[in-house]
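Chemist: One letter stands for each residue in the lines below.
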Amino acid sequence: MKDQVRETTASQAGSARAKNRAGALLRGNWGWIALAALIIVPIVVDHPYYREILALIFLWSAMAGAWNIVGGYAGKFSLGHAAFFGVGAYTSGLLYVRLGVTPWLGMIAGMALAVLLALFIGIVTLRLKGKFFALCTIAFGQLIEIMAIYLRSTTGGSEGLLIPFKPGFWTLTFSSKLVWVYIFCALMLLVYFISRWLERSALGYQLSALREDEDAAEALGVNTLRAKLVSISLSAALTAMGGSLFGQYFLWLEPGFVTSLDLSTQFALFAIIGGMGTAIGPILGATLITPLQIFLRAALGTAASGISMLVYGVLLVVVVLFMPKGISVEVGGWIRKLSSRSNSASVAREGSHVA
Amino acid sequence: MLLETNRLTMRFGGLVAVRDIELRIGEDELVGLIGPNGAGKTTLFNVITGYYAPSEGRVVFDGQELTGWKPHRITRLGLCRTFQLTRPFGHLSLLDNAMVGALCHGKDMKKARAVSEWALDQVGLHERAGDLAQGLPVGLRKKLELARALATKPRMLLLDEVMGGLSMPEVQEMSATIARIHSSGIGVVMIEHVMSAVMCLCQRVVVLHHGEQISSGTPDEIRRDRRVIEAYLGETYANRDECQATEPEASGPPPVH
Amino acid sequence: MDSTLFIQLVISGLLIGGVYALISIGLTLIFGVMRIVNFAHGEFLMFAMFAAYWILEFTGLSTYVTAPLVALLLFVFGAVIYVLIIKRTVGSPMVVQIFATVGLGLIMQNVALVLWSGDFRTIRTPEASAVLKFAGIQVSYPLLIASVAAIMIALALFAFVAWTYPGKAIRATVQDRTAAQLMGIDINKVYLMTFALGSALVGIAGALLAPAYPIFPSVGTNFGLASFVVVVLGGMGSMTGALLGGLLIGLVETLSGFFIDAALKQAVYFVVFIMVLVFRPTGLLGQRGAEEVGLK
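Chains as they are written, first to last, in the working numbering: chain A, 1 to 355; chain B, 1 to 257; chain C, 1 to 296.
Note that these hints are calculated values from the structure, not bench results. Cβ atoms here follow ideal geometry from the backbone N, Cα and C, with glycine treated the same way. Hints should not be assumed to be uniformly reliable.
[Claimed, not checked] Mimicking DSS-like on lysine-lysine, the simulated pairs with C-alpha atoms at most 30 Å apart in a straight line are: (1) C/K133 to A/K129; (2) C/K189 to A/K177; (3) C/K168 to C/K189.
[Claimed, not checked] Which residues of chain A face chain C? A partial, calculated answer using Cβ under 10 Å: (4) A268; (5) G332; (6) I335; (7) R336.
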């Protein structure tokens with residue numbers, strides 16, 4: 001009797017596998033189409049203004065994706081990620097401006113420092129959960145901002161740090177916006193593929209488990225300390241990388257932006273609105289919202305900085321209250337419902353910890 | 001002796017939760033741990049599996065002293081515990097719940113999946129492998145709890161009231177499952193209040209009261225033990241044979257690692 | 001060093017501390033009863049300060065006179081926000097609990113920015129800059145009023161919670177929600193009242209502080225952060241803790257501003273904050289598992 005049931009399940013699994021193969025092929029094709037689009041669109045869009053929008057979309061997608069590794073997968077909501085962004089930006093910026101070190105190396109140094117900071121924060125906040133973890137990360141973010149302002153002689157303080165414009169490969173400075181669009185796109189893809197890998201890896205399962213219930217995860221052999229530290233370090237390194245690249249792109253660093261609570265909030269905001277805990281969610285969130293700010297600024301002038309943040313706030317509240325899984329997941333769910341065949345539901349869904 | 005505790009004591013401030021516990025449990029034993037609420041049974045499990053560091057004494061598993069080890073290391077060594085109040089990973093499927101346990105020995109996804117499916121099958125949850133864990137009724141939650149622990153390929157299981165809240169048919173089914181697991185070579189220590197299960201399944205029973213071991217012996221012996229009757233059982237079980245488990249069913253061996 | 005100077009520093013520190021305490025009482029009340037951390041708390045203060053300012057602009061009435069009105073306005077505002085947003089976050093997943101009020105703070109700060117621009121507004125009434133002097137010590141009049149108000153409010157709250165029916169309903173809810181409901185207490189109403197009351201308390205704080213500080217949309221950020229530090233230090237849910245924590249943080253800030261560096265005074269209390277969170281998360285007067293115990 002049991003064997004009969006197992007046979008039926010196996011054949012269902014078989015047909016589902018066939019469907020999955022077809023789906024994978026289609027998804028694979030979507031992947032190539034998307035990649036082609038990512039390569040072609042920036043060339044076609046031959047206007048610096050729109051290229052800037054693209055560049056920023058890619059950068060913020062990457063940063064939201066990096067936040068997502070700790071926030072979405074591990075379930076630890078950090079409101080201090082700008083600390084890592086700022087550490088990356090200032091490390092490579094200062095090494096370049098004061099010591100002439102190529103920003104390529106400076107970027108690596110920035111990532112290393114960010115990882116050290118992340119390990120420290122991770123150990124310090126080990127026993128903190130939820131709101132208390134968030135509050136503690138706010139404090140760390142503020143501390144980094146205060147230090148950036150205070151160490152005026154090194155960092156330029158509130159007046160900021162100007163990075164000289166000397167275009168060249170080794171100076172990681174480019175006059176062509178197109179190059180930056182591709183650089184940030186590459187960063188976004190890096191974060192995306194790392195997220196996808198994470199989802200399917202043992203570490204991904206461990207993070208999901210500790211997100212759901214830390215004690216139970218420990219009982220099942222998950223080294224929660226190690227998992228947390230790895231995820232926060234990875235997240236910090238990627239964020240710092242973004243910070244360094246941003247510095248070389250924008251050529252101007254000030255604590256009030258690169259280490260600010262506002263920026264930390266934005267990383268979280270993009271990921272949550274787009275869909276925490278998925279690889280595509282942060283990209284979706286950044287893509288939907290970044291152009292908003294830029295267009296509003298163009299349309300409304302100085303009052304617009306208030307309006308765009310206002311809209312962000314409204315979106316965040318609405319999404320969090322009514323679509324808490326984020327737009328990508330909720331919409332994905334509707335699409336699945338509309339086009340579903342229900343036999344796929346009973347077949348073991350591996351990877352369910354990824355929405 | 002697979003699991004051994006020596007003079008194991010746990011103090012919380014002035015309160016002594018467990019005192020001088022001496023356990024010797026072999027790898028082929030099925031031992032019950034009973035006693036009134038507050039006797040320290042779950043605390044004992046917590047200390048053995050590393051959630052608390054003992055105030056005094058030590059825990060030895062497979063010749064390895066465990067004192068000071070974190071729970072995840074102890075699980076990887078082969079000693080796995082379940083929780084009295086089930087703690088499913090609600091947003092994960094049943095299969096993925098088991099995968100977390102299966103992955104504790106290695107990163108091979110295929111192997112982990114095979115072990116997870118086997119573990120779910122052992123408790124009869126294979127058909128629902130794709131369901132999300134949240135919203136399960138208590139009977140299935142208990143099964144999931146057991147399956148997850150099984151997926152860690154333990155050498156010994158510490159089950160904390162795995163029958164709690166189950167109906168009689170469910171108790172019988174769970175008893176059969178545990179007997180089957182035990183006969184496949186996994187040692188079991190079970191905290192239980194469901195006496196029918198304890199009397200049936202367990203070869204040996206240890207009784208805790210106010211944190212101390214007051215008795216140890218076969219089910220027959222302890223239910224006639226005056227101290228146990230006074231502390232916990234009462235006269236009901238003194239002369240009754242409650243054992244009504246069904247025969248354990250044979251089912252295939254676990255996938256080879 | 002000059003003893004007068006030191007005493008001056010201590011007095012100033014205590015006065016600032018009184019301000020912090022006043023701001024934090026509402027936050028700790030809400031957390032104690034509802035377990036909600038209102039990440040927009042600073043923005044509520046900012047709205048109150050603007051309210052006091054605009055009322056003064058239009059009616060010429062001193063903010064001390066209009067403080068009760070501002071409190072009422074914030075009470076209503078708090079009630080509305082509770083119904084629209086907060087109600088849906090109680091018992092929700094952590095992401096909702098945190099980011100609903102984070103989003104609210106964003107909205108409030110930017111509504112203020114759009115409506116009233118980023119310009120600094122200051123209240124220039126005689127009482128705003130009044131300074132009492134005795135024995136060589138200067139005491140800022142508005143800050144003194146604020147500190148005294150903090151103590152009086154704390155006492156009034158104690159009385160309210162201990163002797164009135166609504167107050168008892170609050171305590172019952174904190175101790176055992178289910179039992180409270182079985183006794184006929186409407187939890188929803190208790191939460192509504194608590195949040196509105198907490199907002200009203202911030203309203204009073206805002207009105208009393210408006211004379212003492214410049215008023216602009218992001219003025220709430222620093223005060224909000226400081227109030228988190230105060231509440232965590234004092235113990236979440238403890239009103240005495242908010243008083244004590246406020247005074248301590250005020251002292252720490254003023255003394256470290258003088259002895260270490262004015263630019264680092266915030267940094268010092270953030271370090272204190274982190275240390276408290278790590279070593280004694282229940283704070284000075286909280287109990288172990290203060291999250292469970294709630295209001296005291």
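Chemist: For every hint, state whether the structure bears it out.
Modeler: Now the hints, each set against the structure:
| no. | hint | result |
| --- | --- | --- |
| 1 | C/K133 to A/K129 | 47 Å, violated |
| 2 | C/K189 to A/K177 | 57 Å, violated |
| 3 | C/K168 to C/K189 | 13 Å, holds |
| 4 | A268 | 7 Å, holds |
| 5 | G332 | 18 Å, violated |
| 6 | I335 | 23 Å, violated |
| 7 | R336 | 21 Å, violated |
Hint check: violations occur at hints 1, 2, 5, 6, 7; the rest are consistent with the structure.
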